Each structure stands twice: as C-alpha cells, then as structure tokens.
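*Asks:* Residues per chain, in single letters:
Protein chains: 2
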Amino acid sequence: MQSVIDVNLPQNRYEIAIVPGSLDNLGTWMNGKESKPLHLGEKVLLVSNPAIFKRYGERAIKSLTNAGFEVFSVNLSAGEQYKTLNSIVKIYNTALENRLERTSTIVALGGGVIGDMAGFAAATWLRGINFVQVPTSLLAMVDAAIGGKTGVNHPKGKNLIGAFHQPKLVLIDPQVLKTLPPREFRAGMAEVIKYGVIWDADLFAKLEECEKLDQLRYLSEEMLQTILTHSCQAKAIVVGKDEKESGLRALLNYGHTIGHAVESLTGYKVVNHGEAVAIGMVAAGQIAVDLRMWSKEATERQNELIKKTGLPSKLPEGLDIGEIIDSLQSDKKVKSGKVRFVLPRRIGEATVTDQVPPDVLRQVLLQMQ
Amino acid sequence: MQSVIDVNLPQNRYEIAIVPGSLDNLGTWMNGKESKPLHLGEKVLLVSNPAIFKRYGERAIKSLTNAGFEVFSVNLSAGEQYKTLNSIVKIYNTALENRLERTSTIVALGGGVIGDMAGFAAATWLRGINFVQVPTSLLAMVDAAIGGKTGVNHPKGKNLIGAFHQPKLVLIDPQVLKTLPPREFRAGMAEVIKYGVIWDADLFAKLEECEKLDQLRYLSEEMLQTILTHSCQAKAIVVGKDEKESGLRALLNYGHTIGHAVESLTGYKVVNHGEAVAIGMVAAGQIAVDLRMWSKEATERQNELIKKTGLPSKLPEGLDIGEIIDSLQSDKKVKSGKVRFVLPRRIGEATVTDQVPPDVLRQVLLQMQ
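In order, the protein sequences belong to chains U and E.
Quick note on numbering that gives the first Met the number 0: the first sequence kicks off at 0 and runs consecutively.
Quick note on numbering that gives the first Met the number 0: the second sequence kicks off at 0 and runs consecutively.
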C-alpha cells in the first residue's frame with residue numbers, strides 16, 4: 000500500500016510519498032530514483048524535538064547513513080511558544096558548526112512546529128538550501144508539511160515571520176502516528192474534515208461512513224491511507240494552482256480566520272491549532288448559513304463530523320467577542336482593512352469573501368459562547 | 000538624461016531606473032505607468048539609517064505622500080556590525096505596529112547594508128511583501144540593490160542568513176552620490192571595475208579614458224550616467240540569466256573569494272567591501288596569470304585602474320596567509336570542500352574554476368603582503 004502524489008509548481012516539482020514503514024527507507028527515498036536523482040548533497044541536518052528524536056531519530060539517522068549521507072542533528076523544544084527566531088538561530092549555529100553547504104539538506108522530523116522552523120532555516124541559510132519534510136503528526140502530514148509555508152511566530156502574532164520554501168520531498172510514514180497523542184490526532188482530523196468541506200465531497204462521505212473518528216485505532220490501515228491520500232491530494236492540487244496564496248489557496252484558510260483569533264487570544268494554551276480550526280469551521284459554517292450561502296443541513300453534517308471526532312464546537316470560556324473581532328483585523332490575511340472569510344457553498348466547494356456584515360459575525364460568535 | 004534597464008527573471012520582471020533628480024519623484028515611480036501600474040499597495044515602510052534619513056528622508060516621504068501612499072519609517076544603524084537579526088526584528092516590530100499588509104511595500108533608502116536588511120525583512124514579513132530599492136551609495140547602485148540578494152550576517156560569517164527576494168523597482172538618483180564620502184565612492188568603483196574585467200570591455204575602456212577616478216567630482220554627469228548604466232546592465236543581464244547563482248551569476252564573485260576572507264579576518268573594520276574586492280581582484284588576476292589563463296599585460300591594466308581609483312592592492316598588514324586560506328574553506332560558496340575562484344580570461348570575460356593549486360594561491364598571497 001503506497002501513494003505517491005505529485006506537487007507541480009512553476010519552479011518546483013516534488014513528490015509526497017505516503018508509505019507505511021518508509022521511515023526506515025528515508026535515505027533511499029532522499030537519493031531518489033536512478034532515473035530521477037534528487038541531488039540532496041552529502042550533508043544532512045536533521046531537525047527534530049527531543050521526544051520525537053528519542054523515538055524515531057536513530058532509525059532516521061541509520062537509514063540516512065546507510066544511504067551515504069553525512070548526518071548531523073539538532074533538537075528544538077516543540078510547541079508554539081518555542082516557534083521563535085531564537086530557535087532558528089540554534090539551527091543556524093548547528094549549520095555553521097557542521098559547515099553545511101549550499102547543496103546540503105535540512106530534514107524536518109517532527110510535527111508542524113518543527114517543520115515550519117526547519118523549513119524557515121532551510122529557506123534562509125545561505126539564502127536557501129534543500130529541505131525535506133518527514134512529518135510525524137497527522138496535522139503536519141495533511142497540511143503543514145505540504146506547500147512550502149515556513150516560518151516562526153512574532154511575539155505579537157502567529158506566523159508573521161516566514162518564507163515560501165518548497166521541500167524537495169515529503170515522506171509520510173503513517174505508522175509513526177501510532178505514538179501520536181489522541182488529542183493531536185483529533186487536531187489533525189480537523190484539517191482532514193476541512194478538505195472534505197471545501198474540496199473533496201468523496202472524502203467527506205468516507206468520513207461520514209466511519210463509526211468513530213476520535214482515535215486512530217478506530218481507523219483501518221486502508222482508511223488511514225485513504226484519508227492521508229485524499230487530504231494530501233487536495234492540498235497538492237490547490238497549492239499547485241496557487242503557490243503564493245493569491246486566490247485559490249486562500250480556500251485552505253477555511254476555519255482559520257476565527258480559528259487564529261481564538262488561538263492567539265487564549266495564548267496558544269487553551270485550544271490547539273486543530274481545535275481552533277474546528278471552532279472556526281463551525282463559526283464559518285453558520286455564517287454561510289446566515290448569509291444563505293449553504294444549507295442548514297450541510298452545516299449540521301459538518302458539525303456532526305466535528306463532534307464525532309471529539310473536536311470542540313463552542314468558543315473557549317471567558318473569551319470576549321469584541322476582542323475576537325478586533326483580533327481579526329490584525330490577521331495577516333487582512334486586505335485593505337477588510338477581513339476575508341472562506342465560506343462553504345456546498346460539501347466539497349467553498350468561496351472567499353470579505354463581505355461578511357459585522358452583525359452577522361457578532362451574532363454567530365454570541366451563539367457559540 | 001535617463002536610462003531604464005529591464006531585469007527579466009522567470010517569475011519577476013522589474014526596472015532599474017537611473018534618473019538624476021528622481022528621488023523627488025519616488026512616489027510617482029512607485030505608482031508605475033498608467034499602462035503598467037506597479038500595485039505596491041497603500042502602506043509604505045521606509046527603512047533607512049539616521050544620516051541618510053536626515054539628508055533625504057523628508058524628500059522621499061513628501062514624494063510618497065504626494066503620490067498617495069501612507070508612509071511609516073524606521074531607522075537602523077548602518078554598518079556591517081549592525082547587519083544582524085536584531086536589526087531585522089526592529090523592522091518587523093515597526094511593520095507590526097503599523098499593520099503592514101501583504102500588499103504593502105518596504106522601501107530601502109540607503110546603502111548596501113540598509114538594502115540587504117530591508118530586503119530580508121520584506122522577504123520574510125508575512126512570507127514576503129513588496130520591496131523597492133532606492134540605493135544611495137555607488138556600491139548599492141551598481142551591485143547590492145540589483146538581483147534580489149538580501150540578508151544579514153551571522154556572528155561568525157557574512158551574509159550567511161538571507162533570502163532571494165527581488166525588488167519591484169530599483170530607483171537610482173545619481174545626484175545623491177554628491178554627499179557620499181570619497182572612500183565609499185571608491186569602494187563602489189571597485190565593483191564597476193569588476194564589471195569591466197568580467198563582462199564589459201567597453202566599460203573597461205571608458206574607465207581607462209578617465210584621467211582621474213578616485214573622486215566623484217572628476218566624473219562628468221555623462222560619464223557617471225554611463226558608468227551606472229553599463230554596470231547595472233551587466234548585473235541585470237547576468238542575474239536575468241541565472242537568478243540563484245547556479246552558474247553565470249558566480250562570475251559576479253570575481254574578487255570576492257579572497258575579498259570576503261580579508262574582510263572577515265580583519266573584523267570588517269580595516270578595509271571596506273570595495274577595498275576588499277579590489278585586493279581580491281589583484282589576487283585573482285595574478286592567479287590567472289600564473290595559471291596562464293590571461294596575460295600579464297591585462298592584469299597590469301586592471302591593477303592600474305584599481306590604483307587610479309585609489310583602491311588598495313596589497314593585503315592589510317599583519318594578516319596571516321594561513322588564516323586566509325583556512326577562511327576560504329568556510330566561505331558559503333565552497334562546494335564539496337573545494338574553493339571556487341572566478342578568474343579572468345581576457346578583459347570582458349571570466350570563468351569559474353575550483354582548480355587553483357594551493358601553492359599558486361599561497362605564492363600569490365605572499366607577494367601581496
């Protein structure tokens with residue numbers, strides 16, 4: 000069982016390989032096929048976090064060494080609060096100590112935070128070196144690792160500092176999900192549901208067929224492979240058509256507008272990213288219903304999936320509605336002062352609008368308290 | 000008198016406008032032509048240093064405001080020692096305070112250091128916003144401002160942190176050079192001479208015709224315009240053919256291999272960048288002669304130009320040859336441990352090689368002590 004998805008960008012073309020057990024063949028995958036070598040240099044800097052490294056570092060290094068790479072590593076504390084320029088400086092220092100060259104490669108082994116940081120370091124060391132993503136969380140596999148968004152947080156806002164830097168390969172080993180904490184699994188499922196709503200009605204239907212969705216162990220290997228493949232495909236197609244988010248790619252922000260505000264206002268501590276996106280999707284769905292853009296029945300189906308996955312659909316307690324609305328204004332997706340929302344039109348199709356009346360927004364948020 | 004040079008890159012196309020007095024029309028230039036608007040948003044963040052800002056800031060702001068832009072500004076200390084991530088954070092903070100958007104523009108008003116930093120901030124704020132270069136030093140006009148190289152220094156190495164980020168416009172007002180300190184003028188002339196040697200025999204001949212080259216006042220307005228135009232054209236063509244320095248662009252590093260080592264080993268305090276490049280060109284010229292790649296007569300013509308410009312051709316006192324050679328190994332242009340040199344073949348033509356025997360290199364450096 001294996002899926003290989005092509006990501007086609009004007010100046011970059013790379014593969015997302017979803018292959019159970021592939022962590023032990025990372026080095027071989029990084030060498031590429033004989034007919035299509037990847038040219039990833041000799042030196043590899045593996046960026047990970049202590050917990051992931053302890054679990055999977057040795058296997059990754061062994062595989063890379065066997066494939067002929069010279070491997071160095073650096074571990075960074077994981078968690079949004081460590082996604083800072085200071086962590087990037089640690090990567091820079093390791094890159095310098097080990098004299099990484101322009102042809103060298105940084106490999107991210109970890110979740111979205113590690114991928115974002117390793118990618119930003121790769122984007123900015125020697126003005127850009129090779130980068131490979133080996134995501135270990137569901138969220139990173141279906142979202143963060145694909146599409147080249149890299150970066151860190153500014154003390155006053157998430158992901159404000161960053162660059163587009165495409166990986167040369169995304170290698171997904173679904174087996175590593177077995178050690179993922181259930182709450183993180185559910186967070187990743189929020190993005191999977193998102194693809195179902197905005198892009199892939201088939202995926203949505205498959206999720207509806209599942210009796211339980213709140214833990215990995217309820218999914219068969221085949222279903223997991225299907226979910227990963229559909230999700231990565233959705234992201235790859237959207238990114239391939241719009242690398243820099245001038246249009247289509249904005250659809251991927253479904254649930255993220257209000258989601259980001261909720262995350263940020265609760266200091267990234269109360270809800271995680273996926274939970275915030277779930278809350279944001281419930282809100283956006285209701286806004287779309289109120290604007291008569293999609294049906295009450297469809298939003299209920301979406302909310303049922305969110306519930307089945309064990310994700311929240313209410314705002315965290317104590318959050319001020321006025322503060323949320325104010326926070327939306329400072330989001331980096333604001334264009335000429337107008338907040339852009341992604342709203343669904345039907346299952347599998349969404350649109351972008353900056354025409355949400357403030358009172359509709361306020362009313363929906365009030366209902367979600 | 001005005002020259003407009005096209006820079007043609009696969010995904011970017013922009014103009015270098017060399018127009019006396021154009022600082023007062025910066026806003027108009029940034030709006031673009033009616034038939035070809037530049038779409039640089041509403042908000043502009045002007046990045047400069049205190050001395051330049053005092054001299055030219057008001058004129059730039061007035062012109063931008065008159066053209067309809069909302070202008071903010073931030074001043075950073077100039078000088079290589081301030082080209083750090085800390086300075087970039089200052090730009091980020093100002094960008095955040097003034098809520099710069101994805102459509103906003105950062106304008107660099109200053110020399111190469113300001114341009115590199117403002118450009119890196121533009122490359123990495125909100126994953127990349129618009130950028131405009133208004134270079135005020137000769138070095139920045141003919142080199143740093145063109146081609147999209149941006150970045151800052153790592154405590155242990157120059158320009159190790161950075162990104163490629165092309166400007167939307169380079170606006171050069173030769174009149175601002177009148178206030179440039181003579182030593183900085185000469186530093187810029189080193190890059191002009193470089194273009195003559197590696198690319199443009201016409202430019203080289205024109206420089207030879209000048210009786211004096213060590214101060215701006217010896218140049219007629221026409222000669223200055225010619226020098227700027229030829230130099231920018233050379234850089235634009237090379238960059239247009241090879242944005243990311245995989246081949247041709249490496250030619251622009253003529254004089255820079257040994258130059259960087261000299262700068263770095265003297266702590267960026269004894270010689271400035273142009274002086275270091277002059278020393279590097281003398282060295283590279285002699286290496287090429289010793290390897291029978293170009294003639295003794297040609298290298299003497301080059302060295303005569305360097306002398307006439309008042310640039311150094313000897314290594315700074317007290318510099319250890321062994322240390323220089325060791326430092327070359329850690330240069331970011333090193334590929335698989337081999338040091339790459341750009342060597343001239345004739346006036347107007349150069350080549351890249353990593354086949355310089357260590358004893359030839361050592362011998363040449365010894366002669367230059």
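It is worth saying that the hints were derived from the structure and are not from the lab.
None of these values were measured; they are calculated from a predicted model.
Treat each hint with caution, since some may be false.
To be verified - Now the stretches of chain E that chain U is said to cover, found in silico as 3 or more residues with beta-carbon under 8 Å:
id : segment
1  : 80 to 91
2  : 161 to 168
3  : 207 to 214
As the list claims (entries may be wrong) - Here are the simulated lysine to aspartate or glutamate pairs, EDC-like style, with alpha carbons at most 20 Å apart:
id : chain 1 : residue 1 : chain 2 : residue 2
4  : E       : K307      : E       : D241
5  : E       : K243      : U       : E100
6  : E       : K167      : E       : D241
7  : E       : K167      : U       : E100
8  : E       : K337      : U       : E69
9  : U       : K155      : E       : E96
Stated by the list, open to error - One-sided and incomplete, this derived list gives chain U residues near chain E with beta-carbon spacing under 8 Å:
id : residue
10 : P36
11 : L95
12 : L125
13 : K167
14 : Y217
Virtual Cβ for every residue (Gly too), placed ideally from N, Cα, C.
*Asks:* Tell me, in ascending order, the numbers of any earlier hints that this structure violates.
*Replies:* Hints 3, 4, 7, 10, 13, 14 contradicted; others consistent.
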